[in-house]
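J.: Listed here are the chains, written in short residue letters.
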Amino acid sequence: MPDVVTFPGARAPDRFRTVDSHGVRLAVHEWGDATAPPLLLAHGGFDFARTYDVFAPLLAEAGWRVVAWDQRGHGDSEHAPMYSWQADLRDALAVVDSVTDEPMPVVGHSKGGAVMVQFATALPHRLRALVNLDGLPGPGRMPDVPDHERTKMLAGDLAGWLDFRRGTLTKQRRPDTLDGLAERRAKMNPRLSPEWLRYLVSVGARQDADGWRWKIDPSLRLGGFGPWRPEWAMGRLPGLNVPLLAVLGRQPELMGWDTPPAAIEPNMPPGSRLVALDDVGHFVHIEAPHRVAALVLDFLEDVL
Amino acid sequence: MSSPTVTVRHNKVALALHLVREGEGRPLLHLHGLGERSPVTVPAHLAPWPGPVWALDFTGHGASTVPPGGGYSCELLMADTDAALAHLGPSTLYGRGLGAYVALLIAGARPDLVRGAILDDGTGLSGGGTEPPTPMVIQAPLPVSGPPDPYALVELSNDVRPPDYAATYARQASTLSGLDVAIVVTAVVRPPWLAAVAAEPGVRSVSRGDCTAVFASI
Numbered sequence: 001m002p003d004v005v006t007f008p009g010a011r012a013p014d015r016f017r018t019v020d021s022h023g024v025r026l027a028v029h030e031w032g033d034a035t036a037p038p039l040l041l042a043h044g045g046f047d048f049a050r051t052y053d054v055f056a057p058l059l060a061e062a063g064w065r066v067v068a069w070d071q072r073g074h075g076d077s078e079h080a081p082m083y084s085w086q087a088d089l090r091d092a093l094a095v096v097d098s099v100t101d102e103p104m105p106v107v108g109h110s111k112g113g114a115v116m117v118q119f120a121t122a123l124p125h126r127l128r129a130l131v132n133l134d135g136l137p138g139p140g141r142m143p144d145v146p147d148h149e150r151t152k153m154l155a156g157d158l159a160g161w162l163d164f165r166r167g168t169l170t171k172q173r174r175p176d177t178l179d180g181l182a183e184r185r186a187k188m189n190p191r192l193s194p195e196w197l198r199y200l201v202s203v204g205a206r207q208d209a210d211g212w213r214w215k216i217d218p219s220l221r222l223g224g225f226g227p228w229r230p231e232w233a234m235g236r237l238p239g240l241n242v243p244l245l246a247v248l249g250r251q252p253e254l255m256g257w258d259t260p261p262a263a264i265e266p267n268m269p270p271g272s273r274l275v276a277l278d279d280v281g282h283f284v285h286i287e288a289p290h291r292v293a294a295l296v297l298d299f300l301e302d303v304l
Numbered sequence: 001m002s003s004p005t006v007t008v009r010h011n012k013v014a015l016a017l018h019l020v021r022e023g024e025g026r027p028l029l030h031l032h033g034l035g036e037r038s039p040v041t042v043p044a045h046l047a048p049w050p051g052p053v054w055a056l057d058f059t060g061h062g063a064s065t066v067p068p069g070g071g072y073s074c075e076l077l078m079a080d081t082d083a084a085l086a087h088l089g090p091s092t093l094y095g096r097g098l099g100a101y102v103a104l105l106i107a108g109a110r111p112d113l114v115r116g117a118i119l120d121d122g123t124g125l126s127g128g129g130t131e132p133p134t135p136m137v138i139q140a141p142l143p144v145s146g147p148p149d150p151y152a153l154v155e156l157s158n159d160v161r162p163p164d165y166a167a168t169y170a171r172q173a174s175t176l177s178g179l180d181v182a183i184v185v186t187a188v189v190r191p192p193w194l195a196a197v198a199a200e201p202g203v204r205s206v207s208r209g210d211c212t213a214v215f216a217s218i
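Chains as they are written, first to last, in my numbering: chain R, 1 to 304; chain F, 1 to 218.
Honestly, the hints are just simulated from the structure, not real lab data.
No experiment lies behind these values; they were computed from the predicted model shown.
Think of the CB as a built atom: it goes at the ideal place given N, C-alpha and C, for glycine as much as any other residue.
Careful: at least some of the hints might be erroneous.
Computed beta-carbon distance windows for the label pairs [said to hold, decoys possible]:
hint, chain 1, residue 1, chain 2, residue 2, range
1, F, Pro-143, R, Pro-238, 21 to 31 angstroms
2, R, Pro-261, F, Val-154, 16 to 26 angstroms
3, R, Arg-221, F, Gly-128, 20 to 30 angstroms
4, F, Arg-9, R, Glu-301, 33 to 43 angstroms
5, R, Phe-16, F, Thr-175, 51 to 61 angstroms
6, R, Pro-124, F, Ser-145, 27 to 37 angstroms
7, R, Arg-221, F, Thr-175, 23 to 33 angstroms
8, F, Thr-5, R, Arg-291, 31 to 41 angstroms
9, F, Ala-47, R, Pro-124, 29 to 39 angstroms
10, F, Val-40, R, Asp-157, 13 to 23 angstroms
11, F, Arg-9, R, Asn-241, 24 to 34 angstroms
12, F, Thr-7, R, Leu-297, 51 to 61 angstroms
13, R, Thr-100, F, Val-40, 27 to 37 angstroms
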């Protein structure tokens, strides 16, 4: 097993630091000139900042100081006692505060995109532009949204979740080989090359004595239930007062949000842009980093 | 009474579960309101309960862990309560305010373990209303001098409680518990979630003084 896995175009962050968000240590990764104008990247639920290892350098080469952080419990950030949308918003602000007081452009994928729509509503003075990568919840399902944000309400789900919570104190993620984890990730990313998948495992998992494990907190779990409704998030869109680019990955996938353009179009704020990529899945920045980076850079050049 | 408090674990949090009054038979588990802690003695209207009376301090409250960084939800407190039920076995629940809403959730989620739930007035009864308020982010770190954890006070007073969501839990409690009456409402104040619950079959409104009698004999 090689010590360092490489992939063409993938570049480790140029700088690493941590931010204390209300007692939770967050890992912050940066690419590009430290004095360049900053741009923030928010990853999706169950993902991690270094899924941007190809995408972020493309933005950095175009003249941005690219800042991405691992959300609490994800990647290299601390495993927190509790997780919620509100806590994610607070963590995002802690990271933003560590970068600049000035408004800056923000790119968010999946749940990270949806959280940043909330952020733009709560703190409009901190954003210059907002790019949402397949993170606008439609009437369909949202697999990476936390337990209490979901609408599904079945007795079995509830009992299953409570049973899971009873075991979280001692729970560990299942160890596997690097290739084994890459194969598991391939179920969510069916069009990625084995080399790219192996690279993602090498930065998103850690090597223990008994094998490789994803770094994510084992007390986090996909699926669930809760009072949240997708229309509440969609209801934030029309009132946004920053330039918005929304990119949809239309290939149906396990983790896909399946939000059709028709569900979003009536809610787009004035002057915003909607791009649907028919041949790309939910993880648009991983699957098509060059195309998506070009879309983002064109958009930022036009609106800023 | 010796060592009247036990510690139960919920993930990274140690929860204080207090034996307020010893007794034989099915326990009554008291769930406090938002910002409160467990009572030291049995409240007068619960005194007729024939069995032991226990009380749980929620995460961030009383003698339970105050975890860093917030992230509270009522669903998480429901899992706190489930950790207490894992220790106590089948129990009747009494909840004040926030604790009433949590008692409803766990009654629907663990209909085999919750042998009746009493929903009473108390702090945090309304939560954040039926729809999310304008999103806001706390800018400066809150002074953490808890308990109660200031993050609990902020986050659990904004917890969204749609009436149909609450009613679903009441329906599950009624249909899956096998009890003729699964939930008793003693609260005078009826925010929309509680009004919806009170209108469900298998839910009965009674006076505070009569609340324990409904479940004492089942």
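J.: 51 to 61 angstroms was suggested as the range; check whether the CB atoms of F/Thr-7 and R/Leu-297 agree with it.
T.: 54 angstroms Cβ-Cβ, so the 51 to 61 angstroms window holds.
J.: Is the gap between the beta carbons of R/Pro-124 and F/Ser-145 within 27 to 37 angstroms?
T.: holds (32 angstroms)
J.: Cβ-Cβ distance between F/Val-40 and R/Asp-157: within 13 to 23 angstroms?
T.: Hint violated: Cβ distance 37 angstroms, outside 13 to 23 angstroms.
J.: Mind checking the hinted window 16 to 26 angstroms against the Cβ distance between R/Pro-261 and F/Val-154?
T.: violated (37 angstroms)
J.: Just tell me: holds or violated, for the beta carbon distance of F/Thr-5 and R/Arg-291 against 31 to 41 angstroms?
T.: violated (60 angstroms)
J.: Just to be sure I understand the hint, the distance between the Cβ atoms of R/Thr-100 and F/Val-40 should be within 27 to 37 angstroms; is that true here?
T.: violated (50 angstroms)
J.: Is 51 to 61 angstroms respected by the C-beta to C-beta distance linking R/Phe-16 and F/Thr-175?
T.: Because 53 angstroms falls inside the window, the suggested range holds.
J.: Starting from the hint 23 to 33 angstroms, judge whether the C-beta atoms of R/Arg-221 and F/Thr-175 obey it.
T.: holds (26 angstroms)
J.: Check the following: the C-beta atoms of F/Pro-143 and R/Pro-238 are separated by a distance inside 21 to 31 angstroms.
T.: For R/Pro-238 against F/Pro-143, whose Cβ atoms are near 37 angstroms apart, the range 21 to 31 angstroms is violated.
J.: Determine whether the Cβ-Cβ distance between F/Arg-9 and R/Glu-301 falls within the hinted range of 33 to 43 angstroms.
T.: violated (53 angstroms)
J.: Evaluate the given range 24 to 34 angstroms for the C-beta pair formed by F/Arg-9 and R/Asn-241.
T.: violated (46 angstroms)
J.: With 29 to 39 angstroms as the target window, see if F/Ala-47 and R/Pro-124 comply at their CB atoms.
T.: For R/Pro-124 against F/Ala-47, whose Cβ atoms are near 54 angstroms apart, the range 29 to 39 angstroms is violated.
Hint violations for this structure: numbers 1, 2, 4, 8, 9, 10, 11, 13, all remaining hints satisfied.
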